[in-house]
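Peer 1: With the hints as your guide, set chains B and C onto chain A.
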Amino acid sequence: MSFLRAFKYRRKDTVVHRLDPRSKFLLSVVLMMVSIMFADIRVLLVLISGQLILLFLAKSLGEWFSSLRGLVFFFAVIFITQLLFGGTFYTGIVLSLRLVALSSSMSWFFLSSTPEDIGRAMSVAGLPIELTFSFTMAIRFIPVIYDEFQSIYDTQRSRGLELEKGGFRDRIRNLMPILIPLLVGTIRRTYEIADAMEVRAFGASPKRTTYKPLKLKSGDYIVCIASAILVVSALALKMVYGVE
Amino acid sequence: MTNIDLTIEEGESVLITGPSGCGKSTLARVLMGLIPHSYPGELEGEAYVFDMDVKNTPVSRIATRCGIVFQNPDNQLFTFSVEDDVAFGPENLALPPDEIGRRVDEALRLVGIEHLRHSSPNNLSGGEQQKAAIASILSMKPSLLIFDEPTSMLDPSSSASLIERIFELKRSLDEAGGKTTVIIVEHRIDLLLKHLSRIIVISEGRVVLDGEPLRVLEESFRRGIPINIPPMLQIYFRVKDRCGLEKPPTTVRELICMLGGSVSRNG
Amino acid sequence: MVKIAVENLYFRYPEAAGFALRNVSFRIEEGESVAILGENGAGKTTLAKNLNGLLKPTEGSVKIDGVDTRSLSVAKIARKIGFVNHNPEHQFFAEKVEDEIRFGLRNFGFPEETIDKIIQEVLSVFGLEEYRGKNPFQLSGGEKKRLAIASIMAWRPEALIVDEPTIGMDYAQKMNIRRVLRRIVSEGRCVIVITHDVDFAASICERAIILSRGEVIGDGRLRELLSDDELVEKASLRKPFIIELEEETGLTGLEEDFDILSSILMEVFQKCRS
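Chains as they are written, first to last, in our numbering: chain A, 155 to 398; chain B, 14 to 280; chain C, 337 to 610.
Only chain A is shown next, with the shape it has when bound in the complex (with noise of 0.2 Å):
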């Protein structure tokens, strides 16, 4: 799934990075919504250009691309599903652009910030330390648990396993080689980590502090008040003028 690239974050130190994840994903929300609201080729197109200052902002021009070639199959069932059902080439073009300018809203929220920086934008909105921390833990394990499948897969499969082999049932039992280890292997990864968490003293005082506490700076106040200032030319296009 290569269009999944422009949802991966990168380490970059660019004025996007460095914005306040609260911020961002505000505008990222506003960009979501206006490129729902509209239905105007050429709304959508400026709207996609700004997009692409943000992400040239960020210095993920590049991601962004390798993901389009992603989205070609989207396109073909847009396109394809429009003239079944009474489309014309025009919606299809409508849809597709929306399709980009939704993905994008998106992408330039998740290349630009760290797990961990939604993870504390997540316990600023009030959910529990431990829910945000398992959240990140999730995703820093994500990668060490496959690279453990992989290994016992490769393991499995030099002592003759074949999954392909057999009926339906064959093929469950097959799997059984595989999920047996790698669920050993995770229990025990959790008691360690959790070994390794307890002696750091997770959990010792109720008030945790941040060593990062989250702070709005100059350029997060800039982009809440150009979120504003996009709702409201927004509203003011569609019900004002009447955009479409």
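Hints are computed from structural coordinates only; laboratory data are not their basis.
A portion of the hints provided could be inaccurate.
Unchecked claim - Straight-line C-alpha distance at most 25 Å; calculated DSS-like pairs for lysine-lysine:
{"#": "1", "chain 1": "A", "residue 1": "Lys166", "chain 2": "A", "residue 2": "Lys369"}
{"#": "2", "chain 1": "C", "residue 1": "Lys453", "chain 2": "C", "residue 2": "Lys480"}
{"#": "3", "chain 1": "B", "residue 1": "Lys207", "chain 2": "C", "residue 2": "Lys575"}
{"#": "4", "chain 1": "B", "residue 1": "Lys154", "chain 2": "A", "residue 2": "Lys366"}
As the list claims (entries may be wrong) - Which chain B residues stay away from chain A? Per the calculated CB distances, all over 10 Å, these:
{"#": "5", "residue": "Glu23"}
{"#": "6", "residue": "Gly24"}
{"#": "7", "residue": "Met65"}
{"#": "8", "residue": "Asp66"}
{"#": "9", "residue": "Asp87"}
{"#": "10", "residue": "Pro103"}
{"#": "11", "residue": "Glu181"}
{"#": "12", "residue": "Leu186"}
{"#": "13", "residue": "Met245"}
All C-beta atoms in this analysis are idealised placements derived from N, C-alpha and C, irrespective of residue type, glycine included.
Peer 2: The following block gives chains B and C in isolation, referenced to the frame of chain A:
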């Protein structure tokens, strides 16, 4: 484990070793209070760490005096940057942010990984991850450091560099006026030997030997306890009486010179 | 018996920027004992997985008895070339030790009547008879390792690749694994040991292939390669104790057995005296 009686003084560098499955890792977990708090099982008798009774003190309290680095480098770092992991402990202690900042700077400097500050643990080598794990323990300012087989998943050059770093760290903490105690649980003896003040050998859940490193190794050799005695000493212990050697060689060349010397002396 | 031929092998992981292996070429003849040496990240395990078809070359080729691995299934190759993972717990899933051994035999279609006989034999050869009905996860580290090797050797592959057999092992366990591997070598089977434990490698293997950053920087007799200071340094390895001893004394053909070594040394110096 049965009937373990031990006192370790401040400032010592102790190796706890013994055949696999002898109970050495269990002992490390008792000292941290992880046993009996987090594991089922029976703990009889008493264990005190800095006058804190491990049975009745929460692990998080013990953690402010005593830190432990575990075997598996992968499972000790939970965040996306080394810096955040080092800050994790002090954050849990609810310290003010500027104090945490100072501690993070110092811990990274002591372990020599300032350049990895913003790296993600996923992208570090095993040796670097272990160093980051040490830094994340140091930020709690413990004066007792326990290492539970810290090099068992590392290659020889990373292991050597890690061990050197651990004792450099102890030296610089001691120079700054502290009295840091290091307890290492390990199979590997060769890399550690020159740094140790004491070796404790555990076998079948009991302390069988305890004392000055060389004496302990020689005694385990005589009794045939299967611990990893460095090759040089393996030969030294076998020939020393018959050749009248008085001190152990540190290099192969020295061993040969000693043997040659003893021959010419005797002849 | 099996022959492995690697020609201009390049390998790159999907999505990785650079090659994990570059321009690797060598042949392994039947019955050879080969150590693949190098520091972590040198490409040892990647190379091993290319040898048994778990990974297929990006460029170049790996041929088993003249057949390209690209046209063979992993299972087909595994029947000839066994692979033992560095972590035995990555393979255990059965409730009993004997069933762990049974798994491979069934996969390769051995008739049920012979399976029991083979299991009995393998358990006794590897000293695991008393654990037959025990849960594999409850064995000690050294026993787990032996079971891992036993469960592969059961179907008598012609070659065996062992990844990091000594990691986390104490001295006695290492000696046990050494004995097991040496026996396999003495049966005329090819043994390929991937390790950074040079002393262990020197006690088993005749030949070494030394990797550094994905390239072969040395291939030849293990003892010759590891007495080359420059090469040892370049590969971040260490000279095995036994080779240092040979160099300092001028003796040859020493083996890592400290009783014998000590008496040889004493004898040599006695002789010098008289």
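Peer 1: Hints broken by the structure, by number, lowest first?
Peer 2: 9, 10
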